[in-house]
Amino acid sequence: MKEELFVSGRNIPNIDPYLNIWHWQIPSYLFLGGLAAGILFFAGIFTIMGKENKMATTVKIAPMFTPFALMLGLFLLFLDLKHKMWFWQLYTTIRLESPMGWGAWVLMIMTPISIIWSASYLTEIFPNWDWKFKFLKTFEAWIIKNRILIAWPMTIYAVILGIYTGILLSAFNARPLWNTSILGPLFLVSGMSTGAAVILLLSKDHKERKIMSRIDILLIIIELFFITHLFMGFKAGSEAQINAVNLFLGGSFTAPFFTFVVILGLLLPALLEVLELRGFKVPVVIPAILILAGGLIFRFLIVEAGQITRYLY
Amino acid sequence: MRYAMALDTRKCVGCSDCVVACQTENNVPLGFCRDWVKEVVDGTYPNVSIELRSERCNHCANSPCVRCCPTGASHFEEGGIVLVEHNKCIGCGACIESCPYEARYSHPDGYVDKCTFCIHRVREGLDPACASVCPTKCIYFGDIDDPNSRIVNILKNRKFKSLAPEAGTKPQIFYLL
Ligand code: SF4
Ligand code: SF4
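Going down the list, the sequences are from chains A and B. In terms of the numbering used here, the first sequence opens at residue 1 and continues consecutively. In terms of the numbering used here, the second sequence opens at residue 1001 and continues consecutively.
Derived from the structure by calculation, the hints contain no laboratory data. There's no promise every hint is true.
Restricting the straight-line Cα-Cα distance to at most 16 angstroms, the calculated cross-link-like pairs of lysine to aspartate or glutamate (EDC-like) are [as the list claims (entries may be wrong)]:
hint: 1; chain 1: A; residue 1: Lys-54; chain 2: A; residue 2: Glu-3
hint: 2; chain 1: A; residue 1: Lys-60; chain 2: A; residue 2: Glu-4
hint: 3; chain 1: A; residue 1: Lys-210; chain 2: A; residue 2: Glu-276
hint: 4; chain 1: B; residue 1: Lys-1137; chain 2: B; residue 2: Glu-1124
hint: 5; chain 1: A; residue 1: Lys-207; chain 2: A; residue 2: Glu-124
hint: 6; chain 1: B; residue 1: Lys-1038; chain 2: A; residue 2: Glu-3
hint: 7; chain 1: A; residue 1: Lys-84; chain 2: B; residue 2: Glu-1085
hint: 8; chain 1: A; residue 1: Lys-82; chain 2: B; residue 2: Glu-1085
hint: 9; chain 1: B; residue 1: Lys-1156; chain 2: B; residue 2: Glu-1166
hint: 10; chain 1: B; residue 1: Lys-1088; chain 2: B; residue 2: Glu-1077
hint: 11; chain 1: A; residue 1: Lys-210; chain 2: A; residue 2: Glu-239
hint: 12; chain 1: A; residue 1: Lys-82; chain 2: B; residue 2: Asp-1113
hint: 13; chain 1: A; residue 1: Lys-84; chain 2: B; residue 2: Asp-1109
hint: 14; chain 1: B; residue 1: Lys-1156; chain 2: B; residue 2: Asp-1145
hint: 15; chain 1: B; residue 1: Lys-1038; chain 2: A; residue 2: Glu-4
hint: 16; chain 1: B; residue 1: Lys-1011; chain 2: B; residue 2: Glu-1051
hint: 17; chain 1: A; residue 1: Lys-137; chain 2: A; residue 2: Glu-124
hint: 18; chain 1: A; residue 1: Lys-60; chain 2: A; residue 2: Glu-140
hint: 19; chain 1: A; residue 1: Lys-82; chain 2: B; residue 2: Glu-1051
hint: 20; chain 1: A; residue 1: Lys-207; chain 2: A; residue 2: Glu-52
hint: 21; chain 1: B; residue 1: Lys-1161; chain 2: B; residue 2: Glu-1051
Every value quoted in this text rests on a predicted model; they were computed, and no experiment measured them.
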């Protein structure tokens, strides 16, 4: 039996029991980043495939929400900072080794791309829209002609952003629950699935919804596979990793994780989507909202649980 | 030059003088600390062993906190001392998450703070405050690149360990067993 006691100074609520420095801001930031990445990925890829008219909501309408999501995300990141006056230093330094640093940069690049993309569709969606200035009109005309040129970097950056939301966590060797490279792809797929859910919510076109539902079901299956893989990898790992995963397999995170993430956030919406494809009448709002809520709760649980896990010494 | 510290777990009595000395020397705000004493009890009565460890930042040679800092606020000073430059720190918390030893805390003023090896004292040729007040003299501080230093001498003659070396951080605090 091994018991650890603090003789001094350390049994104080300000530092211990664990160094929970990241609260709701970081998981929300990761959620918004993943969601925007998902939408912009679909918008880009369908443009490259030349399907912008068949997938009108995906390519033209859904991306209009992404600048707001990204800016809100950046604002949440700002809220997380404890020394806010020095915020600008994030953008006067480039440190490639710091995931926090390059995440801020990826968002800084992604936000203008998303603004340009959405702006180029404004006149098409809102016929009364007027850009007022001539140079804006010339710029718009240029972009409309060269959309494919923007779609490529946008799609690639969307994947980077999606993966980044996982890498931000997995780069921390000190938190065994996060320190696995599968977290990058897992967060990417989960982000894409939440992006698809937003598109499902917005789209009125039956055919488009069908395509997105199919994609979403596939994404959910991949996500379930990744989660299983994540847990199995930990189970086969060191004691610190086994302790970490036990939080989800019997420990205090088991009930919320399996109820809200696995069952309500993945299995049920997948089932509802399958039923809908089979011709049953399911209001599309239900699976979409479930996926969004599941994705958000998933990030909250992983961020919260990760901060409890630690090296044993 | 490579500063390091060796702490004798057999001589330490767990009096926590090092903690108080640090708080006073460095104006650590109330309710926080840069070092702390852990008592690890192994076994069941009557076969128990106790290890007393005064812990602090390990001034890791391969420190994840320096690597993950987006602004370069966490950096290496002479002799490998890991410092946080307060006016560069944005308080993002990444370094707190990255430290396997939970050595950092968020100062009420916003920046992140931790043990500095009392660099202001070391530059004047003094020992860190914790080492200088220890009543059992169980804290040895010095340059492990200098073959004649006291710390090299004691590490040569005693068994020692460092904490969680498997984290790959190359910690520079050694516990004499
Ligand atoms: S002990 Fe923690 S804070 Fe100190 S250098 Fe190592 S990783 Fe950084
Ligand atoms: S909290 Fe400060 S010292 Fe720590 S990583 Fe962020 S900017 Fe660097």
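Hints, one by one, checked against the model:
1. Lys-54/A - Glu-3/A: This hinted pair is violated, its Cα atoms lying about 64 angstroms apart.
2. Lys-60/A - Glu-4/A: violated, 58 angstroms
3. Lys-210/A - Glu-276/A: holds, 9 angstroms
4. Lys-1137/B - Glu-1124/B: It is violated: about 20 angstroms lies between the C-alpha atoms, which goes past 16 angstroms.
5. Lys-207/A - Glu-124/A: Violated, because 21 angstroms separates the two Cα atoms, which is more than 16 angstroms.
6. Lys-1038/B - Glu-3/A: Judged against 16 angstroms, a Cα distance of about 10 angstroms means the pair holds.
7. Lys-84/A - Glu-1085/B: Holds: Lys-84/A and Glu-1085/B sit about 15 angstroms apart, inside 16 angstroms.
8. Lys-82/A - Glu-1085/B: holds, 15 angstroms
9. Lys-1156/B - Glu-1166/B: violated, 22 angstroms
10. Lys-1088/B - Glu-1077/B: holds, 15 angstroms
11. Lys-210/A - Glu-239/A: Violated: Lys-210/A and Glu-239/A sit about 45 angstroms apart, past 16 angstroms.
12. Lys-82/A - Asp-1113/B: Within the cut-off at roughly 12 angstroms; holds.
13. Lys-84/A - Asp-1109/B: Distance of about 10 angstroms is within 16 angstroms: holds.
14. Lys-1156/B - Asp-1145/B: holds, 13 angstroms
15. Lys-1038/B - Glu-4/A: The given pair, whose Cα atoms are some 7 angstroms apart, holds under the 16 angstroms limit.
16. Lys-1011/B - Glu-1051/B: Holds. Lys-1011/B to Glu-1051/B sits at ~10 angstroms (cutoff 16 angstroms).
17. Lys-137/A - Glu-124/A: holds, 13 angstroms
18. Lys-60/A - Glu-140/A: holds, 14 angstroms
19. Lys-82/A - Glu-1051/B: violated, 36 angstroms
20. Lys-207/A - Glu-52/A: Roughly 13 angstroms between the alpha carbons, so the hint for Lys-207/A and Glu-52/A holds.
21. Lys-1161/B - Glu-1051/B: holds, 12 angstroms
The structure does not agree with the numbered hints 1, 2, 4, 5, 9, 11 and 19 stated previously, though it agrees with the rest.
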